[in-house]
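Q: Fit chain Y to the supplied structure of chain C, relying on the hints for placement.
Going down the list, the sequences are from chains C and Y. If you use full-length UniProt numbering, the first sequence corresponds to residues 1 to 315, in order. If you use full-length UniProt numbering, the second sequence corresponds to residues 1 to 315, in order.
Treat the hints with caution; some may be incorrect.
[Stated by the list, open to error] Dumping the calculated SDA-like pairs for lysine to any residue here, alpha-carbon to alpha-carbon at most 20 Å:
hint, chain 1, residue 1, chain 2, residue 2
1, C, LYS269, Y, GLU152
2, C, LYS105, Y, MET146
3, Y, LYS283, C, SER306
4, C, LYS142, Y, GLU124
5, Y, LYS283, Y, ASP113
6, C, LYS142, Y, ASP113
7, Y, LYS312, C, VAL277
8, Y, LYS252, Y, HIS215
9, Y, LYS283, C, GLN162
10, C, LYS283, Y, GLU152
11, C, LYS105, Y, SER155
12, C, LYS312, Y, ASN288
13, Y, LYS283, C, SER161
14, Y, LYS6, Y, PHE37
15, Y, LYS312, C, ASN288
16, C, LYS200, Y, GLU152
17, C, LYS117, Y, GLN135
18, Y, LYS269, Y, GLU110
19, C, LYS312, Y, ARG278
20, Y, LYS117, C, ASN288
21, Y, LYS283, C, SER155
22, Y, LYS142, C, ALA114
23, Y, LYS6, Y, GLU28
24, Y, LYS268, Y, GLU258
25, Y, LYS142, C, ASP113
26, C, LYS117, Y, ALA164
27, Y, LYS222, Y, MET233
28, C, LYS269, C, GLU259
29, C, LYS283, Y, SER157
30, C, LYS117, C, THR285
31, Y, LYS283, Y, ALA32
32, Y, LYS117, C, GLN135
33, Y, LYS283, C, HIS153
34, Y, LYS252, Y, ALA226
35, Y, LYS117, C, GLY141
36, C, LYS268, C, ILE46
37, Y, LYS142, C, THR121
38, C, LYS169, Y, ALA125
Keep in mind the hints are simulated off the structure, nothing from the lab.
2 protein chains.
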Amino acid sequence: MNIVIKLSSTKIKMSNQSDQGASADFIERRRAALERFINRTANHPILRVDPDFRDFLESELELPKATNTSALSGAGVIRLFNKVGETVNKITYKMDESDSWFEEKVQQVENLDAQLKNMLTRVEALVYQRRELSQCTASFGKSVAMLSNCDEHNSLSRALSQLAEVEEKVEHVYAEQCIADFGILCELLKDYVALVGAIKDVFHERVKVYQNWQHAQVVLNKKREAKAKFEIMGRTDKINQANDEVVEWESKVERGQEEFENISRMIKKELERFELVRIQEFKVTLINYIESLMQNQQQLIQIWESFLPEAKAIA
Amino acid sequence: MNIVIKLSSTKIKMSNQSDQGASADFIERRRAALERFINRTANHPILRVDPDFRDFLESELELPKATNTSALSGAGVIRLFNKVGETVNKITYKMDESDSWFEEKVQQVENLDAQLKNMLTRVEALVYQRRELSQCTASFGKSVAMLSNCDEHNSLSRALSQLAEVEEKVEHVYAEQCIADFGILCELLKDYVALVGAIKDVFHERVKVYQNWQHAQVVLNKKREAKAKFEIMGRTDKINQANDEVVEWESKVERGQEEFENISRMIKKELERFELVRIQEFKVTLINYIESLMQNQQQLIQIWESFLPEAKAIA
Chain C
1 MNIVIKLSST
11 KIKMSNQSDQ
21 GASADFIERR
31 RAALERFINR
41 TANHPILRVD
51 PDFRDFLESE
61 LELPKATNTS
71 ALSGAGVIRL
81 FNKVGETVNK
91 ITYKMDESDS
101 WFEEKVQQVE
111 NLDAQLKNML
121 TRVEALVYQR
131 RELSQCTASF
141 GKSVAMLSNC
151 DEHNSLSRAL
161 SQLAEVEEKV
171 EHVYAEQCIA
181 DFGILCELLK
191 DYVALVGAIK
201 DVFHERVKVY
211 QNWQHAQVVL
221 NKKREAKAKF
231 EIMGRTDKIN
241 QANDEVVEWE
251 SKVERGQEEF
261 ENISRMIKKE
271 LERFELVRIQ
281 EFKVTLINYI
291 ESLMQNQQQL
301 IQIWESFLPE
311 AKAIA
Chain Y
1 MNIVIKLSST
11 KIKMSNQSDQ
21 GASADFIERR
31 RAALERFINR
41 TANHPILRVD
51 PDFRDFLESE
61 LELPKATNTS
71 ALSGAGVIRL
81 FNKVGETVNK
91 ITYKMDESDS
101 WFEEKVQQVE
111 NLDAQLKNML
121 TRVEALVYQR
131 RELSQCTASF
141 GKSVAMLSNC
151 DEHNSLSRAL
161 SQLAEVEEKV
171 EHVYAEQCIA
181 DFGILCELLK
191 DYVALVGAIK
201 DVFHERVKVY
211 QNWQHAQVVL
221 NKKREAKAKF
231 EIMGRTDKIN
241 QANDEVVEWE
251 SKVERGQEEF
261 ENISRMIKKE
271 LERFELVRIQ
281 EFKVTLINYI
291 ESLMQNQQQL
301 IQIWESFLPE
311 AKAIA
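Excised from the complex, chain C in its bound form:
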């Protein structure tokens, strides 16, 4: 089942009314990013039924003001997993990866992260250049218009003035292409840089769960040694407490192992799903992007084609 949620732009408020143009642009990007985030969440089998998510979608009440928002934090994804406290953060147990799937995957995700970031930088440069080209085309058009004004030959002057209008249209096509590059490619890449960041966070969570488990194992060993010592020394007054502690840490080790197996299994399952979704999203985006490019090129041809008779009419 695919769920598609559309956000109307009126739902998003901005208190600051100054700098309307930039704000409108910013709001539109935020709206689109939120829409993608909500749709990703709504299409996830577990997150879809999360009560907070349902409340957010269905609530008729004013939403509380966000104090710390991030368009696409890893938080949404991390909520899937039992977040481990930072208690063992400083104790470093070297994680000897025994699972070759993870060994390979961590490396792949690192690569993907680097390449996506690299590509994002290039697309941003492309967007910048297209915007510059669009502006150059505009000022070229203006200079043609000025030349047409100072030309006394009717047919040449008319053709130049038409050319100026043509350049204005071309400028708009370039500007549209710039928005498409940005809105389609850049935003996809930004989302995926954030999502891959979330995956890296989740890998890190798994290491922390592993550390927790190993920490419990170390403590358990100490408790067992203590208990054995008390037994040898015949300290019956201490044996009971030591025994309780061993039992307590045995269950902690058990839970640690269970948690580690759970998170490992969950990550595998989620990453498989992520890859399927990613391929489909890249596919849809690429097709969308290429179709927008082709449409724009077609428009450019039509614009030039309609000018050609004007140029040929110069007598």
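A: Leaving out everything else, chain Y in the frame of chain C:
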């Protein structure tokens, strides 16, 4: 009759063999500019039969080394007119323009000059931006190729690798467009900035001819006054010489007036011809430019179109 002369690039020599790429580019531009210059000269009814021009075209001998060359100086055009020495340059006779045709034309040429220079600056900026866009597209393509390398999904990886190739092709189309913008528009504008500069030089020559004539008139008046004074004073010893001088300056005034009328008539005739040629050259160039644009857009569409099935094949 239209004469078309083609210059083969092998005829032009460069002694410096270093920096081959930039040199080849420079030589090609010089070759093209010289070709246009020669064709303009060959199509001019008077310059066409100039013995130096014929010698230049027909000589089998090594040409003397140029010591002071300018791709399109006004010199060729000025040679049409009897160049006046710089003797009267510092004496400024205010030229009260009695010819409304010239009054209007000088203003128009000034406008044309300013607008052509303005447009040239804009086209150069456009060429620069297209080159930047082409380079951005290249590095975007490389980043796509790198992403495709680190992707393990066959169909997505293949599509990305195809996209990288597509971007490389797009880069070449952009680069071609950049060369077309430069080779077609920029060069035309540069030629016309130079030609309009030559027209301004010719207008200046006319002012100098006028100054010469007026100077002769002033001297003649003085000589007549002197002669009259001698006659009143009865200085028969001086009268003969004074009379000779009056006759001499009368003929100088006559020649001055004649030269001024000649240059004025010649300028009118040449400017009429120039305008006709200019309109045709702009027409041909615009059509040429638009056709190159349309061809490039068509190529881009084909490139994208051929990629579309690859994107749709992502499974």
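Q: Among the hints numbered above, which are violated by the structure, and what are their numbers in rising order?
A: When the structure is compared with the hints, only number 20 turns out to be violated.
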